[in-house]
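Q: Sequence:
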Amino acid sequence: MRLRINLALLALPVLLSQCGVNRQVQQAKMLSKSKYAIHSADSVTIAGYDIQDFKDVRQLDDVNPLKYPRITAGLLRKDVPFNATVNLEIVNPTNEVAAINAFDYRLLLSGNELATGTVQRRVEVPPGGGKVIVPIPVNANAYGLVTSSSTRNAFVNLIRNLAGGSQTEASRITLKIKPTIMLGNKSVQYPGYIDIDKDVTRDLLLTAKKTNP
Numbered sequence: 000m001r002l003r004i005n006l007a008l009l010a011l012p013v014l015l016s017q018c019g020v021n022r023q024v025q026q027a028k029m030l031s032k033s034k035y036a037i038h039s040a041d042s043v044t045i046a047g048y049d050i051q052d053f054k055d056v057r058q059l060d061d062v063n064p065l066k067y068p069r070i071t072a073g074l075l076r077k078d079v080p081f082n083a084t085v086n087l088e089i090v091n092p093t094n095e096v097a098a099i100n101a102f103d104y105r106l107l108l109s110g111n112e113l114a115t116g117t118v119q120r121r122v123e124v125p126p127g128g129g130k131v132i133v134p135i136p137v138n139a140n141a142y143g144l145v146t147s148s149s150t151r152n153a154f155v156n157l158i159r160n161l162a163g164g165s166q167t168e169a170s171r172i173t174l175k176i177k178p179t180i181m182l183g184n185k186s187v188q189y190p191g192y193i194d195i196d197k198d199v200t201r202d203l204l205l206t207a208k209k210t211n212p
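In terms of numbering that gives the first Met the number 0, the sequence shown has 196 at position 197, counting the first letter as 1, and numbering is strictly consecutive.
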């Protein structure tokens, strides 16, 4: 009898661990059935300058090197910092909790990679239409996009849209996320990316301001 109890106690952590793994897998599965949208963006800067300083910029030559010396220095160093917070909206239409422990992301502008990173935080979305906003910090070097003839216009147009400029075309950005679950002490990534496309207009920052008056 005592031997059976001891064996049961030894097996208990394994069973609990397996239950935890199954729960994570199920929650990640529910997350794959959730709906995603880029809700807003805020705290957008280029080389430390507020994005709204560039509302009237129509091409790279419009940037005054005397007024924005950090951009000039960044071009010389081949390092033009682009920083922002992209707010991802997740809605869970299922009847179960949707959750992940972390996720990798890629941010693309017109199909060209702008930034990559990892969000190391648990994201949990309540069932039955529950909604959460997940802030994603974007820290990128925009030098390649600024200097390449194939991406320069798309990047300048994105800047104008984020700055609230007028008479601009919508900028197509794609956010690709790859969820991670924990199997014991090992991180296991979701097979493939979840893609979220967004046509960015001048209203994206306005949405952020309305959300955070």
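No lab work stands behind these hints: they were computed from the structure.
Computed from a predicted structure; not experimentally measured.
All C-beta atoms in this analysis are idealised placements derived from N, C-alpha and C, irrespective of residue type, glycine included.
Worth double-checking, as some hints may not be accurate.
[As the list claims (entries may be wrong)] Straight-line alpha carbon distances no greater than 20 Å define the calculated SDA-like cross-link-like pairs of lysine to any residue that follow: (1) Lys34 <-> Lys197; (2) Lys28 <-> Thr167; (3) Lys34 <-> Ile132; (4) Lys32 <-> Tyr189; (5) Lys34 <-> Ala139; (6) Lys28 <-> Asp194; (7) Lys197 <-> Thr167; (8) Lys177 <-> Tyr142; (9) Lys177 <-> Pro134; (10) Lys66 <-> Val56; (11) Lys32 <-> Thr167; (12) Lys28 <-> Ala98; (13) Lys54 <-> Ala36; (14) Lys28 <-> Glu88; (15) Lys54 <-> Asp198.
[As the list claims (entries may be wrong)] Simulated DEER-style distance windows between Cβ atoms: (16) Pro92 <-> Arg121: 17 to 27 Å; (17) Asp194 <-> Val96: 20 to 30 Å; (18) Asn94 <-> Thr71: 47 to 57 Å; (19) Pro92 <-> Ser148: 21 to 31 Å; (20) Asn94 <-> Asp49: 11 to 21 Å; (21) Thr115 <-> Thr71: 20 to 30 Å; (22) Ala169 <-> Glu88: 17 to 27 Å; (23) Asn152 <-> Arg69: 18 to 28 Å; (24) Pro68 <-> Asn111: 42 to 52 Å; (25) Asp78 <-> Ala169: 41 to 51 Å.
Q: Would you list, in rising numerical order, the hints stated earlier that this structure does not obey?
A: Hint check: 2, 5, 8, 11, 13, 19, 20, 24, 25 fail, others pass.
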